[in-house]
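Asker: Below, each chain spelled out in residue letters.
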Amino acid sequence: MLAKRIIPCLDVTAGRVVKGVHFLELRDAGDPVEIARRYDEQGADELTFLDITASSDDRGILFRIIEQVAEQVFIPLTVGGGVRQVEDVRNLLNAGADKVSINTSAVLNPQLVADAAGRYGSQCIVVAIDAKQIQPGCWEVFTHGGRKATGLSVVEWAKKMQALGAGEILLTSMDRDGSKIGYDLQLIRAVTDALEIPLIASGGAGTLQHLVDGVKLGGADAVLAASIFHYGEYTIRQAKQYMAQQGIEVRL
Amino acid sequence: MVDIAIIDYGMGNLRSVYQALHAIAPTASIVVTDDPQEVVQAARVVFPGQGAMPDCIRELEARGLRAAVLHAAQTKPFLGICIGLQMLFEHSEEGDIPGLAILSGRVVRFASNLRDAQNNKLKVPHMGWNQVQHGNHPLWEGIDQNARFYFVHSYYVCPQDAQFVQATSCYPQPFVCAVARDNLFAVQFHPEKSQGAGLMLLKNFVNWVPV
Numbered sequence: 399m400l401a402k403r404i405i406p407c408l409d410v411t412a413g414r415v416v417k418g419v420h421f422l423e424l425r426d427a428g429d430p431v432e433i434a435r436r437y438d439e440q441g442a443d444e445l446t447f448l449d450i451t452a453s454s455d456d457r458g459i460l461f462r463i464i465e466q467v468a469e470q471v472f473i474p475l476t477v478g479g480g481v482r483q484v485e486d487v488r489n490l491l492n493a494g495a496d497k498v499s500i501n502t503s504a505v506l507n508p509q510l511v512a513d514a515a516g517r518y519g520s521q522c523i524v525v526a527i528d529a530k531q532i533q534p535g536c537w538e539v540f541t542h543g544g545r546k547a548t549g550l551s552v553v554e555w556a557k558k559m560q561a562l563g564a565g566e567i568l569l570t571s572m573d574r575d576g577s578k579i580g581y582d583l584q585l586i587r588a589v590t591d592a593l594e595i596p597l598i599a600s601g602g603a604g605t606l607q608h609l610v611d612g613v614k615l616g617g618a619d620a621v622l623a624a625s626i627f628h629y630g631e632y633t634i635r636q637a638k639q640y641m642a643q644q645g646i647e648v649r650l
Numbered sequence: 730m731v732d733i734a735i736i737d738y739g740m741g742n743l744r745s746v747y748q749a750l751h752a753i754a755p756t757a758s759i760v761v762t763d764d765p766q767e768v769v770q771a772a773r774v775v776f777p778g779q780g781a782m783p784d785c786i787r788e789l790e791a792r793g794l795r796a797a798v799l800h801a802a803q804t805k806p807f808l809g810i811c812i813g814l815q816m817l818f819e820h821s822e823e824g825d826i827p828g829l830a831i832l833s834g835r836v837v838r839f840a841s842n843l844r845d846a847q848n849n850k851l852k853v854p855h856m857g858w859n860q861v862q863h864g865n866h867p868l869w870e871g872i873d874q875n876a877r878f879y880f881v882h883s884y885y886v887c888p889q890d891a892q893f894v895q896a897t898s899c900y901p902q903p904f905v906c907a908v909a910r911d912n913l914f915a916v917q918f919h920p921e922k923s924q925g926a927g928l929m930l931l932k933n934f935v936n937w938v939p940v
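One line per chain: the protein sequences are E and V, in this order. With my numbering applied, the first sequence covers 399 to 650. With my numbering applied, the second sequence covers 730 to 940.
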């Protein structure tokens, strides 16, 4: 059967991997190419790179990182951050990305998702959604790295993105990001049940049980995590072995 | 002479395919090309594809590559990948269009509302690492039964002739994920993104001498 995927996420700024808490307080985690190679060896199913500053200076650095990783690592690579037009999608694909993740620009210009999927195929368009709970059972879409509220309902927004051609949804709970207290399972469940396309759960994984819960209780098709892998607490392989023991289909 | 031509008809990213082939055959001369002549002259041909099949067929025609693909599929080691497998068949449900009809059969969509044994919803596209049950073709040499490959697709092929089926996978029902006939081999998954097993298959392709 199809395996549930574990996807380490590398937040990149100025050529380094960093990780924050609730989108703030960044801490250095190392060289992106080295880290990508390590995760590949440990059995990561995919890798996600998010350019969290996306300034024009950093752009060139990111492209060189992606090029170097794509020469050595033969698993799917997703790259996001600062994608504003179809040309940005093309440039990232040409640098070696297999999928491109679109977040803020999808809200500002939903047609971008349709155009990019129409041009390059839904399989390479991931829409990333940053979600914040506004009341029990209700979540709002935020943009600009979590700084701007949009008034959009997360579930409705995810469905709209699917209709426009997104191939996958990367759903991050801002309330849980970096907190290591576990995914927002209610959020994941609400969105995954509303979708036909796969959902990647993100934000809050702090233990291996959290990864299991994301799949078993949340119903996620893939789990994304950063903190628990970056600082050597667990390897990807340990995570997969644990998930397998809990009866989850994984690639070992 | 060009050892391997990767056919480029403008549909997406072929860099991954190039990188993976270059990694397993560093001394081979590999080109990504939309020149029919170069395809005709190459020793081996890789026929990838991403996106929607109607767009792929249209772009292939627009670049005058149809004849070169047909020629390669009949004369030299030929590897189709993803839509490059689907296009070999007679008809696709995607856009309700004819394919290249190199093989008999059609391309159909996964049903919606699929459920697994635990009653979990199965998403479409079928995306991720799935196990492959394969035959004994030389391209499977050194690859374990049930090895996992990376898939991303919403449609799958239904060949008319069972004898050409070289592998199946399950989602949740078995579907065909590789076919072979004479000098032609084609897969639904992405060997270029399937780590060790994928690179092994590409290596076997590069060394393959069809009989």
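Take these hints with a grain of salt, some might be off.
Which chain V residues face chain E? A few, computed with CB under 8 Å, are given here [as the list claims (entries may be wrong)]:
| hint | residue |
| --- | --- |
| 1 | V760 |
| 2 | Q779 |
| 3 | A840 |
| 4 | S841 |
For the record, the hints were derived by calculation from the structure and aren't laboratory data. Just so you know, even glycine gets a beta-carbon here, dropped at the ideal spot from N, CA and C.
Asker: Does each hint fit the structure? Answer for all of them.
Answerer: Hint check results:
1. V760: Violated, about 16 Å.
2. Q779: holds, 5 Å
3. A840: Because about 11 Å separates A840/V from the closest Cβ in chain E, which is outside the 8 Å limit, the hint is violated.
4. S841: holds, 6 Å
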